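The whole structure should be built from the sequences, with the hints applied where relevant.
Listed here are the chains, written in short residue letters.
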Amino acid sequence: MDKKIRIYSTPSCSYCRMAKDFFEDNNISYEDVDVASDEEAREELVKKTGKMEVPVIDIDGELMIGFDEEKLRELTGVQS
Amino acid sequence: MEASEKYDLVIVGTGVSGLAAAIYAGRYKLKVAAIGGEFGGATATAGVIWNYPGAKGVDGYELAKTMRKQAEDVGSEIIDEKVEAVTKGGHCFLIETKKRKVLASTVILAMGTKRRHLNLPNEKELTGKGVHYCVTCDGPLYGGKDVAIIGGGDASVKGAVLAAQYVNKIYLITMDPEFNAEPINMDSLRNLGDKVEIITDTLVKEIVGTDKLEEIKITKNKTAERVLDVDAMFVEIGSIPDNAVASALNLKLDDEGYIEVDNNMATNVAGVFASGDTVNFFGDFKQCITAAAMGSVAATSAYNYSKTRGDLCSLHKKPAS
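First to last, the protein sequences are chains A and B.
Throughout, our numbering is defined as the position within the first sequence, counted from one, plus 675.
Throughout, our numbering is defined as the position within the second sequence, counted from one, plus 11.
Just so you know, the hints here were simulated from the structure itself, not pulled from any lab data.
The structure presented is a predicted model; accordingly, all values stated were derived computationally and were not measured.
Hints may contain errors.
Said to hold, decoys possible - Only some residues are given here: those of chain B computed to face chain A with a beta carbon under 7 Å:
{"id": "1", "residue": "Ala55"}
{"id": "2", "residue": "Thr56"}
{"id": "3", "residue": "Asp91"}
{"id": "4", "residue": "Lys140"}
{"id": "5", "residue": "Tyr144"}
{"id": "6", "residue": "Thr147"}
{"id": "7", "residue": "Asp149"}
{"id": "8", "residue": "Leu152"}
To be verified - 30 Å max Cα-Cα, derived DSBU-like pairs, lysine-lysine:
{"id": "9", "chain 1": "B", "residue 1": "Lys228", "chain 2": "A", "residue 2": "Lys746"}
{"id": "10", "chain 1": "A", "residue 1": "Lys695", "chain 2": "B", "residue 2": "Lys99"}
{"id": "11", "chain 1": "B", "residue 1": "Lys112", "chain 2": "A", "residue 2": "Lys679"}
{"id": "12", "chain 1": "A", "residue 1": "Lys746", "chain 2": "B", "residue 2": "Lys110"}
{"id": "13", "chain 1": "A", "residue 1": "Lys695", "chain 2": "B", "residue 2": "Lys93"}
{"id": "14", "chain 1": "B", "residue 1": "Lys206", "chain 2": "A", "residue 2": "Lys746"}
{"id": "15", "chain 1": "B", "residue 1": "Lys93", "chain 2": "B", "residue 2": "Lys40"}
Stated by the list, open to error - Covered by chain B, per the in silico footprint, the following chain A stretches (three or more residues, Cβ under 8 Å):
{"id": "16", "stretch": "698-708"}
{"id": "17", "stretch": "726-732"}
Beta carbons: idealized from backbone N, C-alpha and C, even for Gly.
Here it is, written out as structure tokens:
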């Protein structure tokens, strides 16, 4: 899969971990941005979504707020 | 869409109760699927759990993952899809998600609960823009800021202890005269000193902000009013039963909307069992351990019931070709 994936997450967010588990279980590479420690990334997050919530998953510019496995399968093309 | 599969037992919900039921049912060698859209349920977002026997200081999501592996190791399927409907035909059940329909001889409902909201004006509009329902998820986003946490139980107290690692100041607000949390959690809270201001007998009256939360107005004993300038408000005021599926099956519900069950987790509908936070078996005492215990009882009851039924009813049974 050639899509560029970036996940904005915090260390204690379990939905973030579910998303990362999904990527790892399906051998999908992604960039993990810890917005708890990175203020610039936090501002970027709010600019992109207008909200302060995680996880936010950016797949080639298409944003997903929260973890929805079915939608993630759709966006990444991973079959169930 | 035709039913794709037939199970001895389908468990609706993949929180701790559903997963515990899946472990037991798998060991009973039933053909089992646990189906749910929110893997891990409330446990997954509970942060570190210290009071589950045998699992010392385990993250809730990791605990749920271990249970999932245990269930899958004994042949139970865990399907990550939201159950949209459960209908009864004859003495069998049709369970539907957006992607599949399956049949089952018995069903365990373990859907858990939904988070309770304040139901104040502006609350919905500012959700995600300062109003949040999960401190473990979104607390760390407010590094250096002032936040309010609303609620008087363990969730809000533990949330304050977690948030204190990041935020500048916490207003911990409860409508009751005192907190109803484990003493050990209250000790951790007191150790935070001035970082936390504890406010009792107080309600949130107004949520103020346009593009984001700017302040909340609180009222003590319905008399004195105070304005708190906060960047976030976390609502941890408990939960309400998720009973849409139960209502559609004409299950008997109690006055608060929880499914009524007997000591074997059986409902008033033959073949339907319920467990976990979706029942009120232990009242307000809703814990991982009670949910898991009820799941195991429900699975045992479903197993005993299935021995009296075994196969599909005449409505669903296909003639041998």
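Could you work out which earlier hints the structure fails to respect and list their numbers in ascending sequence?
Per hint list: 5, 9, 10, 11, 14 and 16 violated.
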